[in-house]
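Asker: The primary structure of each chain is shown beneath.
Number of protein chains: 2
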Amino acid sequence: MNDRTIRLLISFDGTAYKGWQRQPDAATIQGVLEEKLSLICNEPIVVHGAGRTDAGVHALGMVAHFHTKASHPVATVVRGLNGLLPGDIRIIQADDADPDFHSRFSAVAKTYRYDFFTGRVMDPTRRLYESHFPGFFDSRAVCECLKLLKGRHDFAAFEGTGSRDLTRQGGRGSIRTLLQVNLMPDPKIPLRFSFFLTGDGFLRHMVRNIVGTLITVGRGKMSRAEFTAVLNGRDRRAAGPTAPACGLFLVKIYYDRQELTFPDINT
Amino acid sequence: MNDRTIRLLISFDGTAYKGWQRQPDAATIQGVLEEKLSLICNEPIVVHGAGRTDAGVHALGMVAHFHTKASHPVATVVRGLNGLLPGDIRIIQADDADPDFHSRFSAVAKTYRYDFFTGRVMDPTRRLYESHFPGFFDSRAVCECLKLLKGRHDFAAFEGTGSRDLTRQGGRGSIRTLLQVNLMPDPKIPLRFSFFLTGDGFLRHMVRNIVGTLITVGRGKMSRAEFTAVLNGRDRRAAGPTAPACGLFLVKIYYDRQELTFPDINT
Chain B
0 MNDRTIRLLI SFDGTAYKGW QRQPDAATIQ GVLEEKLSLI CNEPIVVHGA GRTDAGVHAL
60 GMVAHFHTKA SHPVATVVRG LNGLLPGDIR IIQADDADPD FHSRFSAVAK TYRYDFFTGR
120 VMDPTRRLYE SHFPGFFDSR AVCECLKLLK GRHDFAAFEG TGSRDLTRQG GRGSIRTLLQ
180 VNLMPDPKIP LRFSFFLTGD GFLRHMVRNI VGTLITVGRG KMSRAEFTAV LNGRDRRAAG
240 PTAPACGLFL VKIYYDRQEL TFPDINT
Chain C
0 MNDRTIRLLI SFDGTAYKGW QRQPDAATIQ GVLEEKLSLI CNEPIVVHGA GRTDAGVHAL
60 GMVAHFHTKA SHPVATVVRG LNGLLPGDIR IIQADDADPD FHSRFSAVAK TYRYDFFTGR
120 VMDPTRRLYE SHFPGFFDSR AVCECLKLLK GRHDFAAFEG TGSRDLTRQG GRGSIRTLLQ
180 VNLMPDPKIP LRFSFFLTGD GFLRHMVRNI VGTLITVGRG KMSRAEFTAV LNGRDRRAAG
240 PTAPACGLFL VKIYYDRQEL TFPDINT
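Sequences listed follow chains B and C, in order.
Numbering that gives the first Met the number 0 applies: residue 0 is where the first sequence begins, and numbers increase by one.
Numbering that gives the first Met the number 0 applies: residue 0 is where the second sequence begins, and numbers increase by one.
There's no promise every hint is true.
In this list, chains with the same sequence are indistinguishable; a pair is considered to hold if it fits within one copy or across any two.
Unchecked claim - Think about it this way: if two alpha-carbon atoms lie no more than 25 Å apart in a straight line, the pair counts; the simulated SDA-like pairs of lysine to any residue are:
#1 K187 <-> G60
#2 K146 <-> R119
#3 K149 <-> V250
#4 K187 <-> Y128
#5 K187 <-> L8
#6 K187 <-> Q92
Don't read these hints as lab results, they were simulated from the structure.
Construct the complete structure from the given sequences, taking the supplied hints into account.
Answerer: Right under this line is the structure:
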């Protein structure tokens, strides 16, 4: 019997990784964390993340937990991990959690941000952290469609092909509730925008498929009526392309429903 | 006789390069630009930059020029180059310049920015674009010393060892004039700051040596009197360490003295 459950708040640059989930022959965030934690705790450690992220997706506030018999103070775990981990994975915080805390099952919502630039020439120092959709972009039309996504919907139209049963936990099928949907222009950099999406769960590729479809709207190649038909039609083939991974950031995992109040600027 | 002088405005992520200047066995910005331009112009092209940048230093607004017999419209040069160049080098603009324009000799001033973070845990998605100086940082003490640098001084104390004659052009020795010196806190991210330095020229490693010395001041390990003695002593060994390259951005090259008016927030 393990005697402690330790919760980690993690930030990572996903550029060099094949996503979160451990794989036998590829660098993944979970794999690297487990390797370093096993050294620190001097026992094999399994890290449970709040969700999987795809290759190239970044995180500002991923949460994970693990069980251990090690008695290190949590500050030592933070310092030890940050000393052993490469600079593209950072531990922001570690806490002793309740024994029944589970980073995935205890989560009540998540916020994702998607950054993109619609200008002609991409800033090369931003190319790994925002997508480039050069050309015409009608942000008002996009906001009109974004509003339609708020609330409880069957998001099957935006579910990635090859979705696993994992995403269908709790018998919800492809029904999810979006609590916050925003498009924010960057206050300093013209033609740069961020989508913010907060929901009680996300299907595989759901954020990137929503973004790809909304970009199609922004380019004037899909009307609001067509967007409504895509959502209601629940057919992935009708939606737009999957937006690139590099613009996507897992911002926050919520464990307390009290925190779930959002000023909705666009809706 | 070449019949055209084309001026380029260039942005690059310096992470993967051994600096600006062409080297036989290393990837450099000048080397890559010359290779691609020679293909586009169908003749060997030499690119002249407004200055050299060190390995890992970034640029938002480097200026360079080249001579060519090719008759392509400048828009074709931009599109062609951006099509051939890797994503970490981007051409923002190309113009036909006066035949006597020279990116280096015609320049009247340059602005550099140096970004750094003083918090405990670095954002991994910023690690290649800002330096990490964790711990105590007394920004008021730094601003007091920064003020002392404004104006015409012998900056020998901040000149990198192994400086070449290049930096001594025009018989100025190590005398330069700083027109703008600022320290700006990031309005959104606590504990993140940027130095802005504009001058009529910079010695080798001058910005990074000034920053390294000012960080020493910010940590409370050098007084204002000691900083003054460093500047006046003109002895490199008395100054602080050279700050890492990754936080440094070449922001702008000025060719028109009319543009040289700066709101000086800290001075």
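Asker: Within a copy, between copies, both or neither: where do K187 and G60 come within 25 Å Cα-Cα?
Answerer: Classified as both: same-chain Cα gap 24 Å, cross-chain 17 Å, threshold 25 Å.
Asker: If the cut is 25 Å between Cα atoms, do K146 and R119 qualify within a copy, between copies, both or neither?
Answerer: neither (28 Å within a copy, 38 Å between copies)
Asker: Up to 25 Å between alpha-carbons, please classify K187 paired with Y128: within, between, both or neither.
Answerer: Answer is both; intra-copy 16 Å and inter-copy 18 Å each pass.
Asker: For K149 vs V250, is the C-alpha pair at or below 25 Å within one copy, between two copies, both, or neither?
Answerer: within (19 Å within a copy, 41 Å between copies)
Asker: At most 25 Å between alpha carbons: which applies to K187 and L8, within, between, both or neither?
Answerer: between (29 Å within a copy, 21 Å between copies)
Asker: Tell me, please, which holds for K187 and Q92 at an alpha-carbon limit of 25 Å: within, between, both or neither?
Answerer: between (30 Å within a copy, 21 Å between copies)
Going through the hint list in order, the structure does not satisfy hint 2, though it satisfies all others.
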